[in-house]
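Peer 1: Letter by letter, the chains look like this.
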Amino acid sequence: MKKSSDSELIRAYRKGDLEALDALIARHRQGLYGYIMNMTQNRAEADDVFQEVWLRVMRKHHLYRRGSNFGGWLIRIARNLVIDRGRRRGCDASLDAENDEGRSMLNMIASNEPDPREAVQEMELGARLSAMVQRLPSEQKDVFLMRVHGKLPFKAIARIQGVSINTALARMQYALAHLRPLLKVEYEALSTR
Amino acid sequence: MTTHDYWQDRVLLAESGELAASECRALEQQLEADAALRAFRDELRALSRAAQSSTLSPAPATLTAIREAAARDNERGHVFVFRPAVVRSLAYAALLAVAFGVWILGSTRRPGLSDDAARIQAVRAVVALAGEEAAATGGTEEDQLKLLALQLLELEGLSTDGWESSVSDWELSPSEELPPTSLQWHSIREPRAIECG
Numbered sequence: 154m155k156k157s158s159d160s161e162l163i164r165a166y167r168k169g170d171l172e173a174l175d176a177l178i179a180r181h182r183q184g185l186y187g188y189i190m191n192m193t194q195n196r197a198e199a200d201d202v203f204q205e206v207w208l209r210v211m212r213k214h215h216l217y218r219r220g221s222n223f224g225g226w227l228i229r230i231a232r233n234l235v236i237d238r239g240r241r242r243g244c245d246a247s248l249d250a251e252n253d254e255g256r257s258m259l260n261m262i263a264s265n266e267p268d269p270r271e272a273v274q275e276m277e278l279g280a281r282l283s284a285m286v287q288r289l290p291s292e293q294k295d296v297f298l299m300r301v302h303g304k305l306p307f308k309a310i311a312r313i314q315g316v317s318i319n320t321a322l323a324r325m326q327y328a329l330a331h332l333r334p335l336l337k338v339e340y341e342a343l344s345t346r
Numbered sequence: 211m212t213t214h215d216y217w218q219d220r221v222l223l224a225e226s227g228e229l230a231a232s233e234c235r236a237l238e239q240q241l242e243a244d245a246a247l248r249a250f251r252d253e254l255r256a257l258s259r260a261a262q263s264s265t266l267s268p269a270p271a272t273l274t275a276i277r278e279a280a281a282r283d284n285e286r287g288h289v290f291v292f293r294p295a296v297v298r299s300l301a302y303a304a305l306l307a308v309a310f311g312v313w314i315l316g317s318t319r320r321p322g323l324s325d326d327a328a329r330i331q332a333v334r335a336v337v338a339l340a341g342e343e344a345a346a347t348g349g350t351e352e353d354q355l356k357l358l359a360l361q362l363l364e365l366e367g368l369s370t371d372g373w374e375s376s377v378s379d380w381e382l383s384p385s386e387e388l389p390p391t392s393l394q395w396h397s398i399r400e401p402r403a404i405e406c407g
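One line per chain: the protein sequences are A and B, in this order.
Going by the numbering used here, the residue at position 26 of the first sequence is 179; the numbering climbs one at a time, nothing skipped.
Going by the numbering used here, the residue at position 105 of the second sequence is 315; the numbering climbs one at a time, nothing skipped.
Hints may be right or wrong, so weigh each one.
[What the hints assert, rightly or not] Dumping the calculated BS3-like pairs for lysine-lysine here, alpha-carbon to alpha-carbon at most 30 angstroms:
1) A:294 <-> A:337
2) A:308 <-> B:356
3) A:308 <-> A:213
4) A:213 <-> A:168
5) A:294 <-> A:308
6) A:294 <-> B:356
7) A:156 <-> A:168
8) A:294 <-> A:213
9) B:356 <-> A:213
[As the list claims (entries may be wrong)] Computed footprint of chain B on chain A, listed as stretches where at least three residues anywhere in the stretch have a Cβ under 8 angstroms from a Cβ of chain B:
10) 173–180
11) 183–193
12) 198–204
13) 229–240
14) 293–302
15) 315–329
Bear in mind the hints are in silico, worked out from the structure with no lab data behind them.
Glycine is no exception: its CB is placed at the ideal position from the N, C-alpha and C atoms.
Produce the entire structure from the sequences given, and follow the hints as far as they go.
Peer 2: Quick look at the structure:
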């Protein structure tokens, strides 16, 4: 069976074909959710944002331009939602609010753990990498996640960030340079696989 | 930018499928000759695999809720509602043209109060337009403003590359003063103090 393009699936959805929407969700679920999860670091919030992205797709599908990068459109919507939530939360952030691991900002500040780097040693590789990515400066993290999870081309990333493509490439290079020493051991393990 | 950085950028672009076939051939030749570049490419691929391996899935309840919302929309016929996207685009284009016209008008008049009034009108029109577009697309007003400003500059025949970098720098350090731009700002006056956040 011929694999339909995103544009064809959107067109089918506009005609009322719900399976087309299912196919779109299945195709973009992993990358989109990976991006949102890494941006929010909270499963409940990631689920909320993921749902809101698709609700917006349903409401605003007429704004999608045929032939343009659908995955890029999804990431852009998700990114704006995460930013908006962050801004709203900025006013009422609480030291008592708990993350997915049930730890509040307060007990992380007061933690007796000598070094967060040691704590992450016990995590599995992917999770460890995710934890390392959280330490990147926000604009580098954004580029890294859009590229690795969203699989967006740098041209699209540059447009979303409102910078030149050279700046987007430089941010990716900086992100990799930051991750390389932190993950040196993993790199060596990975290269021997 | 060093030669090494240049080739690393080429690797990044090749991995994202943004290099032309001839550029890919040149990169392949470089990769054959440069072990460090090969290591960079391999690390990049390994890193992507590792990052994707940790990806979780949304909760089944979330997927169910999306499907139910889609079914409700479908039943109500929302999917079939006529959306005059073309009409709206034309309205935006007209508004943009008006804003641009006012801008030009403001920039060709003698300096004085009337120039200020014209500029204020132009800015108000652009801000209103950005607000509408942000509401319609689910984006932020800030992004739309930036996009419209870029379009205006391009309409005026200016290169926006340097300007984009300046905007980016400004975003990174909102508390700092706007860095000098390489653009000729014509009649556009120096920006006054801008409050961020």
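Peer 1: Taking each numbered hint in turn, which are not upheld by the structure, reported in ascending numerical order?
Peer 2: Result: no hint breaks.
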